[in-house]
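Colleague: Residue numbers (our numbering), protein chains in the order written: chain A, 262 to 490; chain B, 58 to 352.
Since the hints were derived computationally from the structure, they do not count as laboratory data. Treat each hint with caution, since some may be false.
[Claimed, not checked] Computed list of lysine to aspartate or glutamate pairs in EDC-like fashion (alpha-carbon distance at most 20 Å, straight line):
id, chain 1, residue 1, chain 2, residue 2
1, A, 329, A, 312
2, A, 466, A, 290
3, A, 307, B, 256
4, A, 285, A, 473
5, A, 355, A, 372
6, B, 255, A, 312
7, A, 458, A, 473
8, A, 355, B, 256
9, A, 355, B, 253
10, A, 355, A, 403
11, A, 307, A, 436
12, B, 132, B, 148
13, B, 255, A, 359
14, A, 373, A, 384
15, A, 355, A, 384
16, A, 466, A, 482
17, B, 190, B, 206
18, A, 458, A, 436
19, A, 307, A, 472
20, B, 255, A, 348
21, A, 458, A, 430
22, A, 376, B, 69
23, A, 307, A, 359
24, B, 255, A, 353
25, A, 373, B, 69
26, B, 190, B, 215
27, A, 355, B, 195
28, B, 190, B, 142
29, B, 140, B, 212
30, B, 190, B, 111
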Amino acid sequence: MIEFRNVHKIYEPGTHALNGVSLKIEDGEFVFLVGPSGSGKSTIIKILTAELMPTSGSVFVNGFTLEKIRRSAVPYMRRTLGVIFQDFRLIDNKTVYDNVSFAMRVIGASEKEIKKRVPYVLELVGLENKSRRLPHELSGGEQQRVAIARALVNNPNMIIADEPTGNLDPARSLEIMMLLEQINALGTTVMVVTHEKELVNRFTKRVIAIEEGKVISDGMDGYYAYEEE
Amino acid sequence: MKKNNIGYLLREGIRGIFLHGFMSFAAIWVTVACLIIMGTFGLVLFNLNEMIVELEQENPMLAYIDETYSEAEAKSVGSQINKIENVLNAEFVSREEAVEEFVDEQQDESLFDGLDPSTFRDRFVITLIDNSKMRETESAIRDIVGVADVTVHYEISEGFQTVQRILNIASFIIIAVLLVVSMLIISNTVKLAMYDRKEEIAIMKMVGATNGFIRWPFVVEGFVLGILASAIAFFLQWGLYNFLEVQIAAADSLELITIVPFVEVIEIVAAGYALVGFVVGVFGSVLSIRKFLQV
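From just these sequences and the hints, can you work out the full model?
Modeller: Right under this line is the structure:
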């Protein structure tokens, strides 16, 4: 479960990135976070992952209270989240298998756990036959699947996808969204940050719209509700 | 740290060295260069120091024995001189030997033919353990019954002590400066290698690796680089030292310069290099990674 309570974020030169954001996402939900560039979407993600601290207000992430979190506890909070980026962020000189197993290694998983879990996750994202390939040998859609596998491998409570389809063509984009929907069906909370209206409209999901650092609409209409107003 | 991580962290650290081959190569040779400069300074200063100690011993203290004492009585005073704490050695020289030595030193020996030994006194040639305590030792020797007089050249010994003190301070400063310089260079070299792996570190942080876990492979890498560099520097220094020793011996026909053989200082040099390599490698990488962990 994640919750923002009246969160403000002011950057150094007096820029108000967030102006009192309050929102709550329960376990198992599938949520779109939408809004134009500069609306505060990226700030929300950075606060969720503890890259930034809120200037005021409270943030709760899977049992951690972020404004009070100790630096040494931050890695353990991050293990409850799986993050996916527009630019995939894979390690170029590691194979698909190693990119995914790397995420388990760095949190201290044993070889036995890795050998059991990685093939399962690769099969889930449909890459079981490409585990020995290097990222540059894969298409964009496949690379994003590797990133999703990496985000999933440590069994996080929640997946945060930051513009996951920004670099993909419409057909691949749809496949990725369907994969995220499938992951959500298996019980993981999913938050997709995007500004791709068509994609959002294809799914009937909760949509939280942000503009100028404020939540301007939050509903199950499955489209950019605020544009209708 | 969990047991199943240790192998991984070691492997990653060593893999890093090969992955960033050029950087590792540069880091090693920069450290080797600094170590050799430092080591050469240290060894030159060490040899100068040894030479000064040797020269100082050529300026001994002389204790003259009462001329009314027989030779046997005079010799017995030696045991009391040797009892004084700061005395390294007191060597007895009889009047006859003193006369001979004196005559030998003159240019025209015939002038002194038939010089009566009784005009000289029996004496002890005294070398001290610590020349800075010369004054206290002199008065202690004067207090011994049977010692008629003591001569000592304070100007010379104090001059040597001043030179020695300056050399020690200079060597300390030079070595400290070089140590800091090599650490900064290593730290910057490791920083460049790390910059190369910025993405990898960002991903590790994103998936929840602890700072300790991220730091370890780099510490292993720094350690291996530092130790490799110190091993190379040690053998190069050994070769350089022996080469210079032969060259100096060939050029110095008057034997004015004595060089301590390398085998006598081998343990100190090896231990010093290993320590410096370790410190520079490990702290160099720890210093540079701190910046990358502040996300």
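Colleague: Let me make sure I understand: some of the numbered hints might not hold for this structure. Which ones are they, in numerical order?
Modeller: 11, 23, 27, 29
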